[in-house]
Amino acid sequence: MTAPLLEVRGLKTVFHALDGAWPAVDGVDLVVRRGEVLGLVGESGSGKSVTGFSLVQLIDAPGEVIAGDVLFNGEDLRLASGERLRSLRGDRIAMIFQDPLMTLNPVLSIGEQMCEAILEHRDCSRQDALNAAAKALSRVGISSPETRLKQFPHEFSGGMRQRVAIATALLNEPDLIIADEPTTALDVTIQSQILYEVQKLSRESGTAILWITHDLAVVAELADRVAVMYAGRIVETGPVDDILDHPLHPYTLGLLNSSAATINPGERLKQIDGAAPRIDSRPSGCPFRPRCERVLPSCAEEDPMPQIRGERIFRCHNPVPHGEAS
Amino acid sequence: MSPSGSSTQGIPAYADTPLRQKVLRRIRSRPTTRGAAILLGGFVLLALLAPFIAPQNPHDLASLSVMDNRLAPGTGGMTGMVYWLGTDAQGRDMLSAILYGLRTSLLVGLSSTAGALAIGVAAGLVAAQLGGAVDAAIMRVVDFMLGFPSILVALVLLASIGRGVDKVIIAIILVQWAQYARLMRASALVERRKEYIEAAINFGLPTRHIMLAHLLPNSIGSVLVVSTISIAGAITLEATLSFLGVGVPVTQPSLGLLIANGFEFLLSGEYWIAVFPGIALVLLIMSLNVVGDRLRRSFNVRA
Amino acid sequence: MTAYVLQRLIQSVLVLLAVSVVVFFAVYGIGDPIELLVPPQVSAAERAALVRRLGLDLPVWQQYFTFMGNALKGDLGRSFVHGVPAIELILARLPATFELVLLAMSLAAAVGVPLGLLAGLDPESRPARLIMGGTVLGYSLPSFWKGMMLILLFGVALGWLPTAGRGEMVSVLGFQTSLLTVDGLRHLLLPALNLAIPNMALMIRLVAAGTTEAMTQDYVKYARAKGVRRKRIVGRHVLRNILIPVVTVVGIEFGSLVAFSTITETVFAWPGMGKLLIDSIYHLDRPVVVAYVLLATLLFVLVNFLVDILYAALDPRVKLTGEMA
Chain A
1 MTAPLLEVRG
11 LKTVFHALDG
21 AWPAVDGVDL
31 VVRRGEVLGL
41 VGESGSGKSV
51 TGFSLVQLID
61 APGEVIAGDV
71 LFNGEDLRLA
81 SGERLRSLRG
91 DRIAMIFQDP
101 LMTLNPVLSI
111 GEQMCEAILE
121 HRDCSRQDAL
131 NAAAKALSRV
141 GISSPETRLK
151 QFPHEFSGGM
161 RQRVAIATAL
171 LNEPDLIIAD
181 EPTTALDVTI
191 QSQILYEVQK
201 LSRESGTAIL
211 WITHDLAVVA
221 ELADRVAVMY
231 AGRIVETGPV
241 DDILDHPLHP
251 YTLGLLNSSA
261 ATINPGERLK
271 QIDGAAPRID
281 SRPSGCPFRP
291 RCERVLPSCA
301 EEDPMPQIRG
311 ERIFRCHNPV
321 PHGEAS
Chain B
1 MSPSGSSTQG
11 IPAYADTPLR
21 QKVLRRIRSR
31 PTTRGAAILL
41 GGFVLLALLA
51 PFIAPQNPHD
61 LASLSVMDNR
71 LAPGTGGMTG
81 MVYWLGTDAQ
91 GRDMLSAILY
101 GLRTSLLVGL
111 SSTAGALAIG
121 VAAGLVAAQL
131 GGAVDAAIMR
141 VVDFMLGFPS
151 ILVALVLLAS
161 IGRGVDKVII
171 AIILVQWAQY
181 ARLMRASALV
191 ERRKEYIEAA
201 INFGLPTRHI
211 MLAHLLPNSI
221 GSVLVVSTIS
231 IAGAITLEAT
241 LSFLGVGVPV
251 TQPSLGLLIA
261 NGFEFLLSGE
271 YWIAVFPGIA
281 LVLLIMSLNV
291 VGDRLRRSFN
301 VRA
Chain C
1 MTAYVLQRLI
11 QSVLVLLAVS
21 VVVFFAVYGI
31 GDPIELLVPP
41 QVSAAERAAL
51 VRRLGLDLPV
61 WQQYFTFMGN
71 ALKGDLGRSF
81 VHGVPAIELI
91 LARLPATFEL
101 VLLAMSLAAA
111 VGVPLGLLAG
121 LDPESRPARL
131 IMGGTVLGYS
141 LPSFWKGMML
151 ILLFGVALGW
161 LPTAGRGEMV
171 SVLGFQTSLL
181 TVDGLRHLLL
191 PALNLAIPNM
201 ALMIRLVAAG
211 TTEAMTQDYV
221 KYARAKGVRR
231 KRIVGRHVLR
241 NILIPVVTVV
251 GIEFGSLVAF
261 STITETVFAW
271 PGMGKLLIDS
281 IYHLDRPVVV
291 AYVLLATLLF
301 VLVNFLVDIL
311 YAALDPRVKL
321 TGEMA
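Keeping their order, the protein sequence lines are chains A, B and C. The first sequence begins at 1 in full-length UniProt numbering and counts up one residue at a time. The second sequence begins at 1 in full-length UniProt numbering and counts up one residue at a time. The third sequence begins at 1 in full-length UniProt numbering and counts up one residue at a time.
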């Protein structure tokens, strides 16, 4: 087996405040293989977005990545210089942000904002860059790209702007695209169109994708493997079918039961009781303990360590036995 | 904090990074305003007590000795009195002149702000409450007034009504009321959308009662906070007008007029006639600004 | 676009009309100019003749209509003091004020934008705090006081720069200008700096606030995620967004610069139209005051209009339509 594209070990990102340094990402271990789509799933506040930005060291004060290794093609990004990181961002690792309405600069043309992603990384003429941008736009299904390049963001709908972002991410044929809930702000039909296109494009170009989302339905449609995140750590990882069919962590089971896409018609949706703990008040032991239906006395005393079972890894003292899902 | 106890409370040893120190410094740093407040209080006290503490009555020409004109600071005069801040061209003790000038400057600044505030608040309140054509008419006038630089409006106005303490106050009121009207209207409009006002309207309370008993007291706060800084603006405007010779009369000089009188001697090296009143004026304006800005910040008002 | 221009034109005419009424009637209250113009020994008959000749015996509204009728023909009355058309008097002083304002505005932008960027990029740093503290002094201290301090420092104490008058001038296209001679520029520097300081402070505050805000925007983070260099992020993404409020302020403040030039011109004995206004107020030269205000209003209206057009050119989101207020 070749070395993975991205290997993350013990990643820890804190947010400094007067009364402490609160860990939004609290020891994340993660592997992304070449060309695969990994779905990173969790509720809001679970730290999944912060994880995405921590990978490329795009965390601003008062946030700070304080521990862990981020090995990308064998190179530790935490030790990389600012210029080295810059040259990787947008070239080998591209990102797609959550809100397409906010990510494009309102006063610069689409063409300029796409071209800079090329021109900041390689020596080529502006015209070559424009041609490449036009080609990328037509790849994501935008017609008359030459005209569109001259337009400004406000002349595009939300869905179109996200297509622009995807096209921009594809420009340099990166090894990895980190997509931070890119379809959440869009309506459902456009969402599935974009999912379909992204899947197709990643297959064609062999680009790996880390798809961050709160929506298991999206993961089911798109991902090869899934990592479930809770309270700043990965609680369960494995191939998508295994996890959807037989979740091991009670939290994953709860997520499945509350997702409309994964239950049979006629069944009732079940919400997980309670809410994810705030960053400054996580309980001792297993952080899911107060909301867990399968809680044991030992959960309060001992934080469960990762256990490996075949292709799967989970952190739970009392995993869900087979056959209890759904 | 959660009652269940937390494993991650406090700062893990390895998280005490240089960045953390920087972040904490940013959160904790607060500029001190105490000095400015004390200074401002001192100025008000000096202005109030001027007749009792000034070594000389600068308006009483009989007590002045023309022989003592333009004496340097610290010089003793013919009358045996020591002029700590020097004398002006009429032989007037600058220290006394400044104390009395402070009185005039503060008088003009405070009374014009009070006047502008009264008119502006009334206009803004009426505009917000009545809406429609009345609102449109008032706001047109406000926009018109705010469209012109205040110094120009005051200048032309004083050109037509002549100089005098009362005239300057009128001129400043006329250029400043509009800003209060706009603020008050905005503040009252926000307040009017709140439920208790709607309840009062539905209850059938008379408009006047709603305006005066509910809308006014609950929306005037931000306007009052902003008016603190505007006192500095009013004092600056008065000083400027007096400097240009269209402000207060020579018989009742403000700090601005004292500076103007000293201007012609500046180039010949007799700096004290203009510079000392200038320093007093600058300190007064700065202290008002600092205190006002602090008030604005702590009440979270956007001007 | 045409609808918008038309609407703005009508608005402008209304503003001018309103100003003309207000100013004419306000200034009518100025003391009796005859007292000032005529020596006491002149006979009552001669005095009455002069009153009639100047039209001062007519009712005030009739004087206004005469005035407006003439104004539409480009005649804003004759100076009582100088005996020449008021408009000529003002236009003769216009170049002096214009070069002052122009240099002041350029200084304000040239200093204000870079300092504002510097302060806005790292607002907690020591230089940033120093700059921001300086801006408070810059806009809250009275303009005449700052002018005097400049004179005291550069004129009296250091003796580097002249403190009064326009200095040596050359004629360009029929206008006298100090901008093109060394001596003229030396004379121009202090008054222009004094006029520029409050605008510099305003510009710094505006740019700093805009920069700090822009740097936290998603589009900046996105540009970083694309690997765009910091130089380009600041110089293109941020600056391009800040340019919009800066241009607006330059336009709006142009009017107040003209107004504030009255103070600066008085302090530095600069023979511009502001100095003329003050002198005319002293001498109760009513037609000149009225003409000045009308001309100044015309200038404000014109500049605001130009700023709107420029604004639309800078911000692709703005379309000029008839409905815009």
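To be clear, the hints were calculated from the coordinates, so they are not data collected in a lab. Be aware that one or more of the hints could be misleading.
Claimed, not checked - Within a straight-line C-alpha distance of at most 20 Å, the following computed DMTMM-like cross-link-like pairs (lysine to aspartate or glutamate) qualify:
id, chain 1, residue 1, chain 2, residue 2
1, C, LYS221, A, GLU197
2, B, LYS22, A, ASP224
3, B, LYS22, A, GLU43
4, A, LYS135, A, GLU83
5, B, LYS22, C, GLU124
6, A, LYS150, C, ASP122
7, C, LYS231, C, ASP218
8, A, LYS135, A, ASP99
9, C, LYS231, A, GLU36
10, A, LYS270, A, GLU302
11, A, LYS135, A, ASP60
12, A, LYS150, A, GLU173
13, A, LYS270, A, ASP280
14, C, LYS73, C, GLU88
15, A, LYS270, A, GLU43
16, B, LYS22, C, ASP218
17, C, LYS221, A, GLU120
18, C, LYS231, C, GLU213
19, C, LYS221, A, ASP99
20, B, LYS22, A, ASP60
21, A, LYS200, A, GLU36
22, C, LYS231, A, ASP123
23, C, LYS221, A, ASP60
24, C, LYS231, A, GLU120
25, A, LYS270, A, ASP303
26, C, LYS231, A, GLU83
27, C, LYS221, A, GLU64
28, A, LYS270, A, ASP215
29, A, LYS135, A, GLU64
30, C, LYS231, A, ASP69
31, C, LYS221, A, ASP215
Said to hold, decoys possible - Anything over 12 Å on all C-beta distances counts as not near chain A; from chain C, calculated:
id, residue
32, LEU9
33, TRP61
34, PRO127
35, GLY134
36, ILE233
37, ASN241
38, LEU243
39, VAL318
Even glycine gets a Cβ: it sits at the ideal position worked out from N, Cα and C.
Exercise. Can you name, in rising order, the numbers of the hints this structure does not satisfy?
Worked result: Hints 1, 2, 3, 4, 6, 8, 9, 10, 11, 12, 13, 16, 25, 29, 30, 31, 36, 37, 38, 39 are the ones this structure does not satisfy, whereas the remaining hints hold.
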